Amino acid sequence: MNDTLANTEKKTAYILTLPAVLLVFSIILFPIFANIWISFKEVELKDIRIPEPRAKKIVKSISDEPTKIKILYKLRNSSLIQEIRDVSFQDNFPKNFEIENLDPRCSYEKYNLKCEFGNWPAKYRENFQVIFATNDGSSIDKKNLKSIKPKLDGKSDNILLNTNFTLKNFKKVLFENEFIDLLLTTFYYTFFGTVGSIVFGILTAQMVNQKFYGRTFMRSVLLFPYVAPVVALAYTWELLLDPNSGTLNSLLLNYQIIETPINLLGQKYIEISILGFDFKLRLALTTVIMFEIWRYFPLAFLFILARLQAIPKELYEAADVDGASPFQKFFNITLPQITAVISILFMIRFIWNFNKFEDVFLLTGGASGTRTLPINVYQQGFAISDIGMGSAVSIVIVVLLLMFMFFYFKLLGKRVDEN
Amino acid sequence: MRIKNTILFSLISTFFLIFLISIWKILATLQGLSINSFNIEIILIFGFLISLAHLGIGDRIKSIYKSIIFSSIFVFCDGYLIQKLPIWYNVGVFLILYFFTNKISKYTFIGLKEEHSTQVILFDFLTLFGILFFSFVILFPFYMMLVTSFKTQIALLVNPLDFSINFGQDIKDLFKSYFVIFKSYKFGKYIVISTIVSVGTVIITLLFAIPAAYAVARLNFFGKTFLSTSILIIYMFPAIVLVIPLYTIFSQLGLRNSIEGLLIVYTATTLPVAIYMLQGYFKSIPKELEEAAILDKLSWFGIITKIIIPLSIPAISSVALYVFMIAWNEFLFSLMFLDNPNSFTLSRAIQYLSGDAETPRQYLMAGSVVVTLPVLFIFVYFEKYLVSGLTAGSVKG
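In the order they appear, the protein sequences are chains A and D.
Going by the numbering used here, the first sequence wraps up at 419, each residue one higher than the last.
Going by the numbering used here, the second sequence wraps up at 1397, each residue one higher than the last.
Derived by calculation from the structure, the hints in this document are not laboratory data.
Hints are supplied without guarantee of correctness; some may be wrong.
Said to hold, decoys possible - The following label-pair restraints were derived from C-beta to C-beta distances: (1) A:323 / D:1232: 41 to 51 Å; (2) A:25 / D:1309: 22 to 32 Å; (3) A:199 / D:1069: 37 to 47 Å; (4) D:1252 / A:58: 25 to 35 Å; (5) A:122 / D:1317: 47 to 57 Å; (6) D:1102 / A:258: 29 to 39 Å; (7) D:1086 / A:258: 22 to 32 Å; (8) D:1252 / A:110: 56 to 66 Å; (9) D:1226 / A:126: 49 to 59 Å; (10) D:1022 / A:311: 33 to 43 Å.
Computed from a prediction, not measured in an experiment: that's the story for all the values here.
Ideal Cβ positions, reconstructed from N, Cα and C, are used throughout, including at glycine.
Construct all of the structure, not just a fragment, from the sequences and the given hints.
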């Protein structure tokens, strides 16, 4: 009895979870494996379109002979690179039509024209013409004829399914001298974006945790950048930072803080001298990181605020009795209480910043030294149209991510053991 | 010690005043006033003197009168002797000074003798500074987005700092950018598509997620722990690595440029977090209710629809709002899958609009306002639900 109950429970559970599991597996897990497959292939964007036989039907009347009609089919192979095999053709005609010139490749039975065109090489084109006459002498309705569409069919190889593999993509990705630069850019972007958003998160959370008028309003406002659509925000920032008529540059010029406009998103390096040391700052990358911090510190804020509100008040009261200063209270009570949240946040944000595509793409498109790995996936796959290369870069991302997760969980596991 | 504290207090408060006045000046500049300098030195001296005078006078004058006197002196010196600016600007300065003198009125000579008093003051002013600074930094781009959409191309080029809106003009001229994007750029259609896609994603996600979350929360079956841990790990996998395979597969299946294609992908990417959020809530529902239902011979379908769903409306709404927000804001997949202007979502349409260098920026900003307003409205109105959604689903970036 108990056994059957457990069985029905199992069955029900599988029925309930199956739709969700199938969908997630087919759209998320399967593509990750498909990526591995594609990354070992030489595939370009134009190869993935399946070649199709196509026919454009043109109906022409013949002068002085209203009972006859000429039909021209412009046949072609849609692919420029692949052949189509065993092309078959079918078209239907009204019941009073008789064919006048039957092509040897075709047959006409029951008002149905069937043809076997054989193999079409890439770029194949042919003008195929047939003439019909009505057998009862009635005139022909051209519109009706046009509305019947011919059916074509053919076989072709799917370039994705053959078994020609190559290591070329990975060699190109890993050994071209840009790779180190790409990694460094991604790392700077990820690391400083993560640290910055956490620091601002701590500051704002500490701030909102105090009592002041308009506190709930402030909390909503702080979350605005995180909930608003990235497209709108990125273009607003672009206008704000525009070197020619952007608000920021105009303001700085107006108050004589700078003498010439700075192209914050289009300039790769800027020379800065602090205390006599000259160094080059990666300007566009810094701006993009700023945007990143601006957009994602609300998340850190939300997490840290929730944690701050859970710290028992007694701790602070005890510190007050001992005569601790506000800074002592912050460093000795608040900070130790939020380290756990910060380490979780660091991992979450690190992983997501590492994969962030939209922000950089919309702000700079990857120009002026802001090309990160995700941007490279897009550029290889869709700008250079090399799908195989794009896949190979994706695989590199996945591997780096797995490595990062592995180290992180190992560290986390160690800390849990210590506690 | 007392002198050091007094000077520190005056300095800290003065810097705060300089910050306040500078922000006010920037805002005034953006209304078309020509102010070319922050006059930091003058404010520094005045602020310092006001702080000192405040401590010196102490309780001898009622604090309201004290504030009014200080503010008036400052406005008189700053506004009329130095800058010659319109009345509304000086009223603003007066209010800022009034606010400032009120803020410093709680600090007294005697208070400065206490232990850590400078640190307390620094903390107080840093908090005030932070509130204003972050409000400004966050709201300013939104303000600019809104205001730019009401300007004309020429006005923006003539004086890029003048953001004043002429409310006297005809409504048609004021909202011209909005009329244009709805008429010539078919934004009405894109709103409909975005809404269909977002609402559709919410419905399908809930249909799939509620049963699955119930199974994970309540039933025992082989592979349960594997499923619940893999949910989150899957969610960590970035969209960018899915893009190329999905693009190739969708191209070959003819799913690109279709709403169905977007719905499938959006549902799949939001499902893991929806299941995760819901199962956490379902676990908190007392088991006794279901046991009673089983005795009443209710099937699992009955249990879910009659007990679980009615009891978890708050959790379901926060999942729904969160998923809606993700789907509405989504950009990467809509960029990849849509290249026919007839099937654009709002985000994709704005990106398409910006691709043409000739597009006037006010149209772009009007489009941005159109895509941002619904989300912000929903967020402010349902903040309680959305915040819990954001915290639980925060792995999404």
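A range of 25 to 35 Å was offered for this pair. Does it hold for the Cβ distance of residue 1252 (chain D) and residue 58 (chain A)?
30 Å, holds
Does the hinted range 56 to 66 Å hold for residue 1252 (chain D) and residue 110 (chain A) at CB?
34 Å, violated
Should the hint that residue 122 (chain A) and residue 1317 (chain D) are 47 to 57 Å apart at their CB atoms be regarded as holding?
55 Å, holds
Return holds or violated for the Cβ distance of residue 1022 (chain D) and residue 311 (chain A) against the range 33 to 43 Å.
35 Å, holds
Is the hinted range of 22 to 32 Å satisfied by the C-beta distance from residue 1086 (chain D) to residue 258 (chain A)?
28 Å, holds
Supplied distance hint 41 to 51 Å, evaluated on CB atoms of residue 323 (chain A) and residue 1232 (chain D):
The hinted range 41 to 51 Å holds for residue 323 (chain A) and residue 1232 (chain D), with Cβ atoms some 45 Å apart.
Quick check on a hinted range of 49 to 59 Å for residue 1226 (chain D) and residue 126 (chain A), using CB atoms only.
57 Å, holds
Assuming the hint says 29 to 39 Å, is it satisfied by the Cβ distance from residue 1102 (chain D) to residue 258 (chain A) or not?
At roughly 36 Å between Cβ atoms, residue 258 (chain A) and residue 1102 (chain D) fall inside 29 to 39 Å, so the hint holds.
Between residue 25 (chain A) and residue 1309 (chain D), does the beta-carbon spacing fit 22 to 32 Å?
26 Å, holds
Outcome for the supplied range 37 to 47 Å, where the beta carbon pair is residue 199 (chain A) and residue 1069 (chain D)
Distance hint for residue 199 (chain A), residue 1069 (chain D) holds at roughly 41 Å.
Checked against the numbered hints given earlier, this structure breaks only hint 8.
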